[in-house]
Structures are given as structure tokens and as C-alpha cells.
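Engineer: Please work from the sequences and hints to get the whole structure.
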Amino acid sequence: MPEYKAPLRDMQFVLHDVFHAEQLWETMAAMEDVNRELADAILEESAKINESLIAPLSQPGHEEGVSWVEGVVTTPKGYPEAFKQLADGGWGGLSGAPEYGGQTMPKMLVLLFEEMLYSSNIAMGLYLTLTSGAALAIASHASEELKTKFLPNMYSAKWAGAMCLTESHAGTDLGMIRTKAVPKADGSYSVSGTKIFITGGDHDLTENVVHLVLAKLPDAPAGSKGISLFLVPKFKVNDDGSLGEANGVSCGSIEHKMGINASATCVMNFDGAEGYLVGEINRGLQGMFTMMNYERLSVGIQGLSAAEAAYQWSSLYARERTQSRAPSGPVNKDGAADPIIVHPDVRRMLLTQKAYVEAGRAFAVYVGKQLDLSKFANGDAQERGAAMVELLTPVAKAFLTDKGLEGTVHGQQIFGGHGYVREWGMEQLVRDVRISQIYEGTNGIQALDLMGRKIAANGGQTLALLVAEMREFSASAAAVQGMDEFVSPLTEAVDNLESLSAYVLEQTKNGDANAIGAASVEFLHVMGFTLYTYMWAMMCKAVLSGDCAQGDAFAQAKLHTARFFVQRLLPQAKGLSESIRNGSASLMDIPEEAFI
Numbered sequence: 220m221p222e223y224k225a226p227l228r229d230m231q232f233v234l235h236d237v238f239h240a241e242q243l244w245e246t247m248a249a250m251e252d253v254n255r256e257l258a259d260a261i262l263e264e265s266a267k268i269n270e271s272l273i274a275p276l277s278q279p280g281h282e283e284g285v286s287w288v289e290g291v292v293t294t295p296k297g298y299p300e301a302f303k304q305l306a307d308g309g310w311g312g313l314s315g316a317p318e319y320g321g322q323t324m325p326k327m328l329v330l331l332f333e334e335m336l337y338s339s340n341i342a343m344g345l346y347l348t349l350t351s352g353a354a355l356a357i358a359s360h361a362s363e364e365l366k367t368k369f370l371p372n373m374y375s376a377k378w379a380g381a382m383c384l385t386e387s388h389a390g391t392d393l394g395m396i397r398t399k400a401v402p403k404a405d406g407s408y409s410v411s412g413t414k415i416f417i418t419g420g421d422h423d424l425t426e427n428v429v430h431l432v433l434a435k436l437p438d439a440p441a442g443s444k445g446i447s448l449f450l451v452p453k454f455k456v457n458d459d460g461s462l463g464e465a466n467g468v469s470c471g472s473i474e475h476k477m478g479i480n481a482s483a484t485c486v487m488n489f490d491g492a493e494g495y496l497v498g499e500i501n502r503g504l505q506g507m508f509t510m511m512n513y514e515r516l517s518v519g520i521q522g523l524s525a526a527e528a529a530y531q532w533s534s535l536y537a538r539e540r541t542q543s544r545a546p547s548g549p550v551n552k553d554g555a556a557d558p559i560i561v562h563p564d565v566r567r568m569l570l571t572q573k574a575y576v577e578a579g580r581a582f583a584v585y586v587g588k589q590l591d592l593s594k595f596a597n598g599d600a601q602e603r604g605a606a607m608v609e610l611l612t613p614v615a616k617a618f619l620t621d622k623g624l625e626g627t628v629h630g631q632q633i634f635g636g637h638g639y640v641r642e643w644g645m646e647q648l649v650r651d652v653r654i655s656q657i658y659e660g661t662n663g664i665q666a667l668d669l670m671g672r673k674i675a676a677n678g679g680q681t682l683a684l685l686v687a688e689m690r691e692f693s694a695s696a697a698a699v700q701g702m703d704e705f706v707s708p709l710t711e712a713v714d715n716l717e718s719l720s721a722y723v724l725e726q727t728k729n730g731d732a733n734a735i736g737a738a739s740v741e742f743l744h745v746m747g748f749t750l751y752t753y754m755w756a757m758m759c760k761a762v763l764s765g766d767c768a769q770g771d772a773f774a775q776a777k778l779h780t781a782r783f784f785v786q787r788l789l790p791q792a793k794g795l796s797e798s799i800r801n802g803s804a805s806l807m808d809i810p811e812e813a814f815i
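Residue numbers for the sequence shown follow the numbering used here, so the first one is 220 and each next one is one higher.
Just so you know, these hints were derived from the structure itself, not from any lab.
Treat the hints with care, as some may be off.
As the list claims (entries may be wrong) - SDA-like cross-link-like pairs, simulated, lysine to any residue; straight-line CA separation at most 25 Å:
#1 K476 x V486
#2 K377 x F416
#3 K793 x Y658
#4 K224 x A249
#5 K476 x H388
#6 K444 x Q505
Stated by the list, open to error - Label-pair distances were calculated between CB atoms; the ranges are:
#7 S805 x S286: 24 to 34 Å
#8 S461 x E251: 33 to 43 Å
#9 A555 x M477: 17 to 27 Å
#10 T661 x Q632: 22 to 32 Å
#11 E289 x M477: 22 to 32 Å
#12 G406 x K377: 18 to 28 Å
#13 A555 x E289: 26 to 36 Å
Here a beta-carbon is modelled for each residue, glycine too, at the ideal position from N, C-alpha and C.
Structural biologist: Shown next, in the form of C-alpha cells:
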């Protein structure tokens, strides 16, 4: 299995040269202690621990998997020790609230740590990032008593967190959940029910697991309006902070999955477990979705991370593996054959990987910027950041993971037969990343959310903000010498996105009830291609305007890769757009009995 090397140069380029993060942080009071020097130090230390400690555990952990014996969940060899080193290094509290021991680092920076962690070992990364997400929901919605009691140990990764939504009959439609919470005289609740597909629901990495559980009170309204959120620890916590007795929380079994075998995916049983209300009664989804916006970006980063690892390994392999001769004649004249990187189809796959990974990294940081604005900015900037987060989150989750799987499959294809053999590691990447298109809301659901709730529901007003921003960038970038070949495709893509959304909204107004659903997936991909074009244009501007050294190989590779993207990948958006404009009839008119 090849080694993972953190792409520090590209991360620093995106953070500093493209988004000028330090200047942004200077405008935020909570970020007053964060500067470029600190950010780079965090990235460099992250690279060291992920390359040397976390990545080597990925393949053996995948092979060994998690075990469940008589209710006890055990992670693979080396995982508890490595997780403790992550905890001791403070990596679990990077984005936490400082009053409870967190470090309040900006999401723009933290997500780059998450990328390294997931590229090294997605299964290990899940234990830490889900704890951070659960802590975020608690910090945002729980009482002061609960924050004080639980957050310090979660930020220190002494305790882990898990989110418990899904039930066997209720996945996307959470309004159907049956888990009940009965009020008790002391103000707590007795929580009973069974949840499935609970990532990190139980394990041996920490001494306690703090579950955020969606449940309904006995008199709750029907549907999603009757859902409340409860904090339910595996072990009760005494007033002095020490652990008390077991809390009626148990793991009934673990799932045997296609990938992420070292991640404990649990069936969790709550048998009269003591729980504590988080937020308001019947408004549990509000608290959970605070966590979900961050977690959906995190899942998107899993797709990006797997594609980055696949690109690294397949690029190295393509330069070393010799087969046949270059179409233009021998390159390796002293050898029996040329390295396969000389072949156009191999280059097509490598450049596709590279173009999606580098644009995806910039897009992830761009969404992280919006999250930071929504949390730490003031006034109009904060309001706009929150609106952009809502609009961009489904794209970040779905497009990053769709292109992540595509990137790993390209990597596997470049390896040929070796890509199908376990010891080379490529087939594990394909297995591990596949779940990212499914959990935290399937990508089809993300597309419906984008088209229905984030665009149609407000008549495209938030999309108009994004369109205006991209047009403003194009106008300013046009003055930079050499930018026309990147600005013109962006302008065309933005015009198409705007007219396409108007078309779908018009079809809906004209009575086509299926217009949104029929167009949603293709529309999300058109928007993803448009946003990646924007990212590439920003990166090229950073190169051509002198924000980084134009003469070096890194800068020239940026321009070459951007050129490949706009010429060979972006045209896919035209075909997707044509599909949308052909309407919903061919999709919906076929009778159900024809599906035999």
C-alpha cells in the first residue's frame, strides 16, 4: 500500500493565496489570535501525525475490522492508542468553544486537518469528527449545565459523541421515528427505542459515548414537527464529573459493510435510558441541523480525501509502471516499454482526478469560509454567510462525494488488475468512499434539498447572491493578463446556471409537480461544475496576478490543470443542462408496470 503525503503546498496556496485567510480572520474578533504562522504550524503538525501514525493503521484496520462479542465493541489493533495520541494532541477540540476547553480555530483551517485525517484513514477520522459535530450541537443548543458537564471531556476526546437519527423504518423521513422520551419528575427523560446505522455508536476508544438522540414525547405532534433532541450518555455522569452507572444504552450488533470496516456502525438500543433535553421541545431538528451543516461538509471532504489519496497513488504508479510505447515514439529508449503516463487515456484519468481534487479542495475551503462568516462575522456579512451555507451545503456533500468516488475508480483503473487486488490499497479507497454518497442524506436527497428548499422555496434569491458574486469576480479578473481563457468559460457557465434555474422554476409555476425532482440531480451537478469553474478561475488569478510565483512548476501545473478542466470536463454541464430542458415527461410518463 503506497504512503500518503499531505498536500501542504496546495493547502497553503488555497488558504493564503486564493482566499487570503489571514486578512479575513483579522476582521473577526474570535479569530484575533489566529494568523498565518499558527495556521501553517497546525497544518504541518497535522501532516506529521496523519502520515506517520494514522495512515499506517488504515489497511490493517480495514482487514481486521471492528468486532462485537456479547455486546462489547472492539476496534482494530492500534486504534485506541492512536486515538489517545490524537486526543492528547488536542486535535479533538480545534473548533470548540474556548470557555469549555476548545480552541476556536476557523473552519477554513480545521477542514484541512479533516482532509488529512480522512485521506489517512476515513474510519479513524469518523470517530473524531462526529464527536466534534455532536459537541457543536451541544454548544449551540444545550443548557449551560449540560455544556459544562459534557463539553470539556468531548473537546479533549476523553469522551466521544454520536448522532442517533435513523430507525429501521425511518431514514430520510424522520417524522416516522418511534423512539420515545417520557418526562420524569427530576426534569430528565426516559428514552426508549432502537436506532440503526449509528457511526461510532459504541467502541473502546473512549470511556464514554455521548449520544444525541432524536425522539418524540408521548403527546408530540405528528411528523417532523414533533421531534425533540436528547443527550443520552452511555454512562451516567455524576455531579462531580465522574462516571456513574450504566445508562440503559447498549449496542445490539454491528453492521458488516462494504467499506470503512474499522468504523463501528452500530444498532443502538435505548432501554429507559436517562436523557436530557437539548434545545426546545418539538424543535429537535433545529439542533440536529446545526450539526448537520458541518457534518455534511465533513462527509464531502471524505470524498475529496479519498480522491486525493487515489490521485497520489495512481500518479506515482503511472510514472513507474511500464507498458507499451508512447504514440509519438519511445520515451524510455533504454527500456522495453514506456511508463504508462505517456498514454493519452492514462493522462485523461490522472488529469480528471487532479482537476476535481484541487477544485474540490478550494470549494471546501470556500464553504468553510461561509461557515466562519455565519458564526464569527457581524451584521450583513454574517447573514450572507449563513444564507450561503444553506445554499452550498448540499452541493458540498453531494458533488464532492460523487467526484470522490469517480476519482477513486479512475485510480483503480490506472492500477489495472493491481487496483482490484487488496494489498495495493486502491480497492479499499473505492469501498471506503462509497458510503459518503449515502449517509448524512443520500446525494439524491441533497439534490432535492438544493433545488426545492434552497432555490425554489425563495424564488432563487440566495442563488442570485452567488451569481452576482461570480459575475463581480469575472469583471475584476478580466483585467488580469492571461485570465480571459478562464473568465470566459466562467461567465458562460454562470449565465447557463441562472437561466437553467429560471427554467425549472417556470416549469414548476406552470403546474409540473415533477419538475424539481426530475431536474434536481442534474442541476446539482451543473451547479457543481459552475462552482468548480469559479474555483479554478480564482486559483488562476492568484497565479497570474503574482500572488504566488508564476515561474515554478506548481504554478504552471495550476494553469495546465485549469485549462484541462474548462476544455475537457466543464462541457459535461452542457449535456446535463440539455437533459433538464427536455423536461420530466420521459421520466414520469412511463407506467409503473413497465418496470419489470
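Engineer: Hint by hint, say whether it matches the structure.
Structural biologist: We went through each hint and held it up to the structure:
{"no.": "1", "hint": "K476 x V486", "verdict": "13 Å, holds"}
{"no.": "2", "hint": "K377 x F416", "verdict": "23 Å, holds"}
{"no.": "3", "hint": "K793 x Y658", "verdict": "29 Å, violated"}
{"no.": "4", "hint": "K224 x A249", "verdict": "32 Å, violated"}
{"no.": "5", "hint": "K476 x H388", "verdict": "19 Å, holds"}
{"no.": "6", "hint": "K444 x Q505", "verdict": "10 Å, holds"}
{"no.": "7", "hint": "S805 x S286: 24 to 34 Å", "verdict": "49 Å, violated"}
{"no.": "8", "hint": "S461 x E251: 33 to 43 Å", "verdict": "36 Å, holds"}
{"no.": "9", "hint": "A555 x M477: 17 to 27 Å", "verdict": "39 Å, violated"}
{"no.": "10", "hint": "T661 x Q632: 22 to 32 Å", "verdict": "25 Å, holds"}
{"no.": "11", "hint": "E289 x M477: 22 to 32 Å", "verdict": "26 Å, holds"}
{"no.": "12", "hint": "G406 x K377: 18 to 28 Å", "verdict": "26 Å, holds"}
{"no.": "13", "hint": "A555 x E289: 26 to 36 Å", "verdict": "58 Å, violated"}
In summary, the numbered hints that this structure violates are 3, 4, 7, 9, 13.
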